[in-house]
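Please construct the entire structure, taking both the sequences and the accompanying hints into account.
Protein chains: 4
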Amino acid sequence: MTDTAMTDIYTRRESEARSYCRSFPVTFKWAKNATLRDDEGREYTDFLAGCSSLNYGHNDDDMKAALLDHVSSDGLAHGLDMHTGVKARFLEAFEKIILEPRDMDYKFMFTGPTGTNAVEAAMKLARKTTGRETIVAFTNGFHGMTMGALAATGNAGKRAGGGMALSGVVRMPYEGAMDGVDSLALIREMLANPSSGIDAPAAFLIEPVQGEGGLNAASADFLRGLQELAREHGALVIMDDIQSGIGRTGPFFSFEGMGIQPDLIPLAKSLSGMGLPFAGLLIRPDLDVWKPAEHNGTFRGNNHAFVTARVALEKFWQDDAFQKQTEAKAAFLTERLQRIADMIPGASLKGRGMMQGVDVGCGEMAAAICATCFQHGLIIETSGAHDEVVKVLAPLTIPQDQFAKGLDVLEAAAQVHAPANKIAAE
Amino acid sequence: MTDTAMTDIYTRRESEARSYCRSFPVTFKWAKNATLRDDEGREYTDFLAGCSSLNYGHNDDDMKAALLDHVSSDGLAHGLDMHTGVKARFLEAFEKIILEPRDMDYKFMFTGPTGTNAVEAAMKLARKTTGRETIVAFTNGFHGMTMGALAATGNAGKRAGGGMALSGVVRMPYEGAMDGVDSLALIREMLANPSSGIDAPAAFLIEPVQGEGGLNAASADFLRGLQELAREHGALVIMDDIQSGIGRTGPFFSFEGMGIQPDLIPLAKSLSGMGLPFAGLLIRPDLDVWKPAEHNGTFRGNNHAFVTARVALEKFWQDDAFQKQTEAKAAFLTERLQRIADMIPGASLKGRGMMQGVDVGCGEMAAAICATCFQHGLIIETSGAHDEVVKVLAPLTIPQDQFAKGLDVLEAAAQVHAPANKIAAE
Amino acid sequence: MTDTAMTDIYTRRESEARSYCRSFPVTFKWAKNATLRDDEGREYTDFLAGCSSLNYGHNDDDMKAALLDHVSSDGLAHGLDMHTGVKARFLEAFEKIILEPRDMDYKFMFTGPTGTNAVEAAMKLARKTTGRETIVAFTNGFHGMTMGALAATGNAGKRAGGGMALSGVVRMPYEGAMDGVDSLALIREMLANPSSGIDAPAAFLIEPVQGEGGLNAASADFLRGLQELAREHGALVIMDDIQSGIGRTGPFFSFEGMGIQPDLIPLAKSLSGMGLPFAGLLIRPDLDVWKPAEHNGTFRGNNHAFVTARVALEKFWQDDAFQKQTEAKAAFLTERLQRIADMIPGASLKGRGMMQGVDVGCGEMAAAICATCFQHGLIIETSGAHDEVVKVLAPLTIPQDQFAKGLDVLEAAAQVHAPANKIAAE
Amino acid sequence: MTDTAMTDIYTRRESEARSYCRSFPVTFKWAKNATLRDDEGREYTDFLAGCSSLNYGHNDDDMKAALLDHVSSDGLAHGLDMHTGVKARFLEAFEKIILEPRDMDYKFMFTGPTGTNAVEAAMKLARKTTGRETIVAFTNGFHGMTMGALAATGNAGKRAGGGMALSGVVRMPYEGAMDGVDSLALIREMLANPSSGIDAPAAFLIEPVQGEGGLNAASADFLRGLQELAREHGALVIMDDIQSGIGRTGPFFSFEGMGIQPDLIPLAKSLSGMGLPFAGLLIRPDLDVWKPAEHNGTFRGNNHAFVTARVALEKFWQDDAFQKQTEAKAAFLTERLQRIADMIPGASLKGRGMMQGVDVGCGEMAAAICATCFQHGLIIETSGAHDEVVKVLAPLTIPQDQFAKGLDVLEAAAQVHAPANKIAAE
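Line order of the protein sequences matches chains D, Y, R and Z.
Mapping the first sequence onto my numbering, position 244 (from 1) lands on 358, and the numbers just tick up by one.
Mapping the second sequence onto my numbering, position 64 (from 1) lands on 178, and the numbers just tick up by one.
Mapping the third sequence onto my numbering, position 368 (from 1) lands on 482, and the numbers just tick up by one.
Mapping the fourth sequence onto my numbering, position 303 (from 1) lands on 417, and the numbers just tick up by one.
Just so you know, these hints were derived from the structure itself, not from any lab.
Be careful, since some hints might not be right.
Treat identical chains as interchangeable: a pair holds within one or across any two.
Computed cross-link-like contacts, BS3-like style, restricted to lysine-lysine with a CA-CA straight-line distance of at most 30 Å [to be verified]:
(1) LYS143 to LYS405
(2) LYS519 to LYS210
(3) LYS519 to LYS242
(4) LYS405 to LYS178
(5) LYS429 to LYS405
(6) LYS210 to LYS143
In structure tokens, the structure reads:
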């Protein structure tokens, strides 16, 4: 039986919750950096990158070598939260390579290895330390699928999956989300008014760039204003850098250089470097009041991930070369996407860094563009409240020519579906 | 710097939430089956087994070989929920080796790779399909740390971590939890009385054996009674087999042979076979009404885990040899633990299969016994509402002589701390 | 148009929520003590007494005179919570006649004039003062229809009216509610077990006799045990004496002589003496931490009610004569109801004092008995989870011969519907 | 002992929740129309009118006569929800005098006699009929003190009284509440965005004029826009006319002539005409799906209130004379208040009809003005999030010269405390 024949097993046995496989109905077998190969030998360029979990591409040689070495020598795979050499080395590297140069002082909490778990830990800790319940989350925010994080997630379809009312969260418009509304001013007024009905918040929970919500990027002014407001009202700032962090926008954290010192920073996705499950929460030290095991999780000690995560830090973050490369690619991306946006009436550029896309105005067109791309060997997806944004999340390590060729495919697909051409073609 | 010196990094940088490392303050470096070795070369026998995540021991040679092969050949590590050959082969194996021989018909949902995520998916689906909110959970139940699952978790310390009230769950006594109370009869009466104030439940959420709650094992009669009650009241049965499943009590599922057909079965811990993060939810096919991505998760496609999980199924579950071996070991364990229980006034045997322990009556004594064990190279932990149960969770694959020696250490430690000897010693 | 003809207006304009008028489809025009007269001149004996709001009967001459005098002289009707002479005189009388002789020290809070409002105030204050959310309420409890009190109400139909999940309440079996279960022991065990999943409660909320729930009367031992448990766990006792208080069981409070000192006592129904809207909450002085208007209500200063309430206290509670009379009537009632219960296989006596009834085993028979009573000029209703209890709530002031005649009617009706006779009749 | 001496009883026995009596520390004894007299014979003009519960003034002679007649003749005082002649006559009058001429078709639900109870009934019914939980309420809204209504109330102090999180309500800015924000546009965008995190609402709950919230008056455009939005999204409109209704702004309902057809209208305060406890909910007939007693309340049959309420309808609403009078007084009030506002830098006029006031910019000044008024025999209070609005709520029936004199007192008090004069005086 070939792999292809086996896809039937999915219909028979995999839950209807499956999704990406519906857009890309082939069986993948091999992956390296930005290239995927299916079981029939066809190759694809990956502009999805595990939704930003593969910022360093697939199967980076150094991470792979370190992992093979660890497994070969019977290093621990699963260690609960017991001390292991590879865990210590990861923490050391994180301290020296990430925290110290940025003058950041945080404790690292190893949560269950999912982004939603890190967000839940942050929400719990914010409520526990402030004695308040309300978390202010934002329109189009995406924070996870478990009940605490889901309450903070904006998407109606996801929320409906909860099957019951979701509580503890108050919603405010993200920067620019509502026409003619200065979101920060609105939030400030709502909190200043003792009869507004908005209870004093435990925290603001915000993504610096909203990945699932449509590549909305908050400005430094907005984030700084929010931070000031939080401090004024005794609330914490939880900066969810799960999708936007680990180099995606250029620097390691997406909010670097903005004058932001978040109280809690959930991380996941590209944290392990190689796509292995790994999540964590950075905690301002004085807020680290957890009792032992007060929040725990069986897989919080994924030692394979510690190995690859350390290699990723050592390889990419010892100096600013990688950040500079990313910024150069991002500038190229902006230029190319602007050309595409210009092609489609009403379209606009969204996002920041290597997390950009084109809002084409409606989900149908965006879906059509992505489908055409896939026919031409490009894996790319949409985001946004109406799935109206074609989103480029290529590995940061993608070779420049492959990146350019991928964008050629995208541009061609956009051309096919741009309204003018559609009319001409009909 | 030696690994040992690096333990300091934990104090400096790891969150206070860390726990097991406090009981076992060494740095582990190497692990094979039931043996752990620290960075100074000392060896330990593992009676904790990643809290039942390492039912097949550490670094099983066949799983290891398959994983090395997959990684070496640049197989996908992270695949979101896209089709991959190794995923298909896992599903095929699960269907042929697990489902079909047991005449079980379920859809497999790949959730975020934590037990709590599988439980949340189950709770969401139960509420969504029944249109009801209330989940009946049980005293001493443990289901996870995210807000939905935490609401169903009994432990007061864990619950307090939530920082806000937990809703949607009604609590009933587990079988035998309350002296002189027939739990099933109580539940039946509560549900039969339209003025009891207990709303019609969406589901019962129960562990066949409560791992964290003190190794309480429900009888077949109790579980069957619950299932009947559920059907009578239009509720589902969610059988949380995360800790008790995957062979821990003998058969693959802990409830086999009891006449139980759960509607939803969350699985995790030993599912990957090698301790890699992996969780899933088995869904009665007609309940699989999820919309695509209605519950999703970035790491739901941990392909490394698919590889090792398949090997585990093929190696251990093609016939009943492994189950028989486990049952033989369990019988031996019962005998040895009974001897220990007999030593301590008021002590009693708890649990079932290779998930047994001794309730020594108080947490202080249990902790002292475990500490003494560790001094003699045995890693073992407690469970129960007062941490009063010394819990043996050895790998099922532990060699018989190592198992016996570990139990010798445990018996000796119990002897040291048994009240009579303590009095004699004072 | 006659009054009778006008009943049509109800169908046309009154909400379907109306209820008692469906059982007693006549138009009442006049009422005195235990007698009601309809607009066609037919007289009825009142064994419902406004669900215990008319413990002193309809239109007591002294209350009536005082009210007429107050209204005639343009005394304030509505005073918000401003000081008025009649309010002061009510408080003085309550202090001297009720509190001081019983050695009770409480503050009186004038809540909105509904029982549910007094209960809500109690629940709010218990949560506020303890910093805890969970209120333990009991099976078959009835505490009101607003969302806070409704959460504590057991009846499934009433709960369903809320249209959303009701939170903040944990349910325990009332004394004797579950066959073979020692409710107090169960509660004690649940609270003692730190992993039971029952959070530390703010309060126990209990009716000494459950009026709507089927005339279940708690023993002194049970209530005292609950009080001890509450103190041990830092919880308050809220004794809802709305239906059972103000003399209904004999003494002014239904729990007198039981060694109970509740922390909070909601009162309503017969508080005004004449059936006028009036409710209040007795608060243990050190718990009276309300800020001005923190809980308020427009009609909390119903001065007409203050006038009649004061007269009621002065007329009936200056000595123990009234209590003795009630006890004598209650003894007579017990005797007569026992005769009825003996007539019906499986029937049993329920309740205490002048709050007794017969559980006839099913709602249909109870309804049939009440309907037959009404045909013979007796107004009487059912209660209980299945409406299976025929409940006698006559005014305490009912003349002995009228009481006896009413019971004759009831006995005759029971005879008609007793199974043996039904069989004979068929 | 004189009444005055008795005020001590309040300190001793009345809960600290008492409020208005702190501003007006005298004992009232007699009241007629807009005049109150204390027990020392001093007279006061009432610009508070029971917070709009005494729109027809104190002890209207016709209502008083009808009530005396009813009581004298032993008409029922308390009737649960049984039919009585006076209830039928009230409903008949309400139908003929209020509903029919306005072409309004509603069922009348007699709720427990508090505004909060009518609001809770409305919220429950909205959730029950739509199957949705979220009620959209507004900044500065005030709807009551029981948990359901309190969730919709904006005031932080009141909310804190709940002692637990309040759920089921989402907050939006009232018209004009936030500088530079078009509230209606904001709400429209929030509801249109499927990822906004605002769940589809069961209802909008709004006061046409916010009494407690600072006399904010919504425009017809805003209310109509809201109604359109509600219909578009399958939500109901609950128009809380408790304080603004029954003639307070001129017409019987405050929203008359605005093109509004609310689905549910809670009424209370001046409904009985004489300040007696009485509340009700008007229900669009097809939404009247209550089961019998699904929402009930012991005092929902306050027959005394039915008597006076009917007289009020017959006396004041048979033609438009009363409305015209009110509008004339309101015009006079506007003129006088504008003069006061002009005196105080930054002050502005608030409200509509006979529900107007002056926002003097800060709570301290407003309190000082009210205190000075009281010294000169005028009872007047503040409202607003910061108690910054001096609010005139005179009886609609106040004689013109008394009204003018009261406003003279207010103007003089404002002059005393106006900043310029304060500076001059210092």
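Now for the hints, and whether the structure bears them out:
no.	hint	result
1	LYS143 to LYS405	between (44 Å within a copy, 26 Å between copies)
2	LYS519 to LYS210	neither (37 Å within a copy, 43 Å between copies)
3	LYS519 to LYS242	neither (50 Å within a copy, 44 Å between copies)
4	LYS405 to LYS178	neither (36 Å within a copy, 35 Å between copies)
5	LYS429 to LYS405	neither (35 Å within a copy, 40 Å between copies)
6	LYS210 to LYS143	between (37 Å within a copy, 22 Å between copies)
The earlier numbered hints that this structure contradicts are 2, 3, 4, 5.
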